[in-house]
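Whenever a hint applies, use it, and build me the whole structure from the sequences.
In case you want the letters, here they are:
There are 2 protein chains.
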Amino acid sequence: MTADRGFKSLDEVVHKGRAGIWRYSGAIPFAANPVTLGEGGTPLIKAEFEGTELFLKLEYISPTGAFKDRGASVSMTRAAALGVSRVVEDSTGNAGIAASAYAARAGIKAKIYVPADAPTSKKGLMVACGSEVVECSSRGEAAARAVSELKEGELYVGHAWDPFYLEGMKTAAFELFESGVVPDAVITPVASGTLILGLHKGFRELLDAGLINEMPRIYGVQGDSCAPIYEDMHGKIVGCVGSSLADGLRIADPPRRGEIVDAIGSTGGDVFIVSDPEIAISLRWLHRMGIMAEPTSATALAAFMKNRREIGKVAVMPITGAGIKNLGDLMKALIS
Amino acid sequence: MTADRGFKSLDEVVHKGRAGIWRYSGAIPFAANPVTLGEGGTPLIKAEFEGTELFLKLEYISPTGAFKDRGASVSMTRAAALGVSRVVEDSTGNAGIAASAYAARAGIKAKIYVPADAPTSKKGLMVACGSEVVECSSRGEAAARAVSELKEGELYVGHAWDPFYLEGMKTAAFELFESGVVPDAVITPVASGTLILGLHKGFRELLDAGLINEMPRIYGVQGDSCAPIYEDMHGKIVGCVGSSLADGLRIADPPRRGEIVDAIGSTGGDVFIVSDPEIAISLRWLHRMGIMAEPTSATALAAFMKNRREIGKVAVMPITGAGIKNLGDLMKALIS
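The listed protein sequences correspond, in order, to chains D and R.
Residues in the first sequence are numbered consecutively from 1, following this note's numbering.
Residues in the second sequence are numbered consecutively from 337, following this note's numbering.
Just so you know, these hints were derived from the structure itself, not from any lab.
Each hint should be verified, as a subset may be incorrect.
[What the hints assert, rightly or not] Have a look at the derived ranges for each label pair, beta carbon to beta carbon: (1) D:G153 to R:G648: 38 to 48 Å; (2) R:L418 to D:E12: 43 to 53 Å; (3) D:R284 to R:R624: 28 to 38 Å; (4) R:R624 to D:G258: 38 to 48 Å; (5) R:E471 to D:R284: 16 to 26 Å; (6) D:A144 to R:Y492: 51 to 61 Å; (7) R:H351 to D:P163: 33 to 43 Å; (8) R:V650 to D:G268: 47 to 57 Å; (9) R:D568 to D:G26: 46 to 56 Å; (10) R:T456 to D:P163: 50 to 60 Å; (11) R:T456 to D:E149: 31 to 41 Å; (12) R:D589 to D:R288: 33 to 43 Å; (13) R:L418 to D:E53: 51 to 61 Å; (14) R:T456 to D:A144: 55 to 65 Å.
We put the CB at the ideal spot given by N, CA and C, even for glycine.
Printed below as a string of structure tokens:
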């Protein structure tokens with residue numbers, strides 16, 4: 001039932017009649033009846049930033065506009081297979097939207113615990129999908145109540161904890177491999193760490209299968225106002241102004257904190273922090289390339305620009321979320 | 337240089353190393369160096385509405401959140417091949433956003449003429465991509481000025497006129513064919529008619545190649561406040577309240593009006609009108625399926641619900657635009 005059974009070639013796990021993440025049905029648990037909205041199979045485009053070549057994996061071209069759809073699809077597929085009546089999630093935004101949409105697709109009720117200061121537009125999308133949204137005083141309270149208030153027949157699908165989420169996220173690594181781009185490095189924003197842990201798992205499976213020879217270095221990026229992974233690896237931040245643009249990354253104490261640090265460290269990667277002005281400049285670069293990213297997604301480019309010598313030559317950067325969801329934040333970033 | 341050279345099997349035109357619309361490079365003009373953001377290759381999902389099966393083609397899962405990206409990609413690929421310094425477009429929203437993003441991707445300047453009352457969020461996205469936005473008193477004035485103010489070295493890429501746009505749109509028909517779903521009917525919102533004319537062209541090419549035996553019936557849908565195609569086929573609307581939710585369809589006199597009427601008529605299709613309450617109900621249905629459509633896209637479902645006996649059994653409905661772009665309108669629709 002778990003996907004840790006291993007494989008020796010992707011052909012073994014590929015389902016040719018399916019697209020997106022479910023192309024890898026043989027490596028995903030509960031794959032008989034996918035709850036799908038067409039997630040995965042995202043474009044990979046080449047871009048040049050001041051003379052350095054980058055591969056951008058456009059994860060925002062996705063059913064709810066964020067990379068989380070990969071995980072939500074598998075998570076909700078399992079919930080549907082178990083026959084639960086309601087799923088419960090806690091989120092600042094994108095994960096809650098994804099859970100809401102996939103629960104709706106599966107015909108399962110959803111309750112989403114959010115911090116009250118999560119963007120209104122993101123809460124609105126959850127409500128539109130029929131979710132019950134519970135506002136909490138903080139992100140931490142949302143996480144705690146989502147678990148403590150769980151009732152019989154309800155399934156907690158919190159993306160930061162659910163191992164099935166990672167089974168969806170790992171498919172991004174398979175797609176990179178199939179597109180012929182196995183990078184030296186991947187650089188991505190990190191909050192709850194699902195993408196980093198998922199990529200790590202995906203590359204690990206490719207490595208175990210002998211399909212790649214080396215684990216790409218994984219680099220994480222956080223805003224300088226909330227950077228627990230950075231602080232675990234580099235010590236306490238002193239004297240930062242505090243970024244507000246990376247709203248998707250404000251998780252002070254991610255549940256799998258140690259695992260994320262270990263995953264990054266084991267690949268020889270690192271964590272960087274970036275400031276609001278740096279995010280704003282990077283966001284402008286992305287938009288001027290026609291890439292409709294949200295501010296949170298621009299953190300990775302900001303970090304890449306500062307650290308490209310360290311990061312190395314062939315780098316992949318997932319562009320994690322769509323900017324068309326929260327135009328208010330976007331405008332703020334453009335004006336600043 | 338045009339794609340009217342014909343083909344006898346899709347294998348002849350398929351470029352296996354490319355994804356999305358450029359998979360059909362052999363049937364698209366100027367295909368040597370595509371200006372691409374990963375458009376096309378959209379998911380097709382099965383859904384059931386009150387006992388009737390429908391195939392939804394999720395066109396909003398696209399680089400700028402709308403089906404227009406197919407056309408904009410080809411249109412801008414040609415502009416880049418011609419080496420123009422600036423492109424000019426006129427649009428109420430989605431086409432202008434797509435033109436802005438693809439111009440940015442190509443490194444070409446863009447000037448977009450819009451009616452001043454176009455949604456602020458949509459104008460904001462054009463500006464974010466670096467476009468010059470020119471506000472006009474009406475949609476008609478925008479169309480007129482885009483052409484009359486054209487300067488040397490500028491290329492008019494107005495989506496309603498540009499034949500290269502349709503070369504992109506037609507790929508939706510190829511994708512349906514390759515997915516094994518050649519429907520009896522396609523039902524879609526219609527404004528400037530690019531999707532209908534593109535689908536018609538795509539199915540025509542499949543028919544000429546002997547790959548399909550019959551042209552699917554094409555049904556168009558308009559809001560009851562602005563329904564020129566409906567009025568051309570059925571006479572003047574009397575006594576309607578006037579819809580405001582179908583903001584993407586408010587083109588009073590589409591340039592290719594006669595062609596659109598002919599295309600629909602020649603397939604044995606029809607045009608329907610829908611009201612704001614009907615759109616609101618359909619939008620809620622879509623959201624409760626996890627489908628993040630914009631109100632304009634919900635018109636097709638509204639029309640399908642009223643006319644499904646006439647429309648027939650195997651119907652495909654493109655869900656044309658993402659609702660995450662204009663949450664204000666979306667909320668209005670949910671409250672009404």
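Structure-based check of all given hints:
1. A hinted range of 38 to 48 Å for the beta carbons of D:G153 and R:G648 is consistent with their spacing of about 41 Å.
2. Restraint check, R:L418 to D:E12: a C-beta distance of roughly 47 Å satisfies the suggested window 43 to 53 Å.
3. The given range of 28 to 38 Å is respected by D:R284 and R:R624, whose C-beta atoms sit roughly 37 Å from each other.
4. Checked against the given bound of 38 to 48 Å, the beta carbons of R:R624 and D:G258, roughly 39 Å apart, stay inside it.
5. Between R:E471 and D:R284 the Cβ separation comes to about 22 Å, which falls inside the hinted range of 16 to 26 Å.
6. The given range of 51 to 61 Å is respected by D:A144 and R:Y492, whose C-beta atoms sit roughly 58 Å from each other.
7. For R:H351 paired with D:P163, a C-beta distance near 39 Å keeps the hint of 33 to 43 Å intact.
8. The given range of 47 to 57 Å is respected by R:V650 and D:G268, whose C-beta atoms sit roughly 53 Å from each other.
9. About 53 Å separates the C-beta atoms of R:D568 and D:G26, a value consistent with the hinted range of 46 to 56 Å.
10. At about 42 Å, the beta-carbon gap between R:T456 and D:P163 misses the expected band of 50 to 60 Å.
11. Hint check: R:T456 to D:E149, Cβ distance near 39 Å, so the stated range 31 to 41 Å holds.
12. Take R:D589 and D:R288: their Cβ atoms lie about 34 Å apart, and the range 33 to 43 Å holds.
13. Our hint of 51 to 61 Å for R:L418 and D:E53 is violated, since their Cβ atoms are close to 26 Å apart.
14. Against the hinted window of 55 to 65 Å, the Cβ-Cβ separation of R:T456 and D:A144 comes to about 38 Å, which falls outside the hint.
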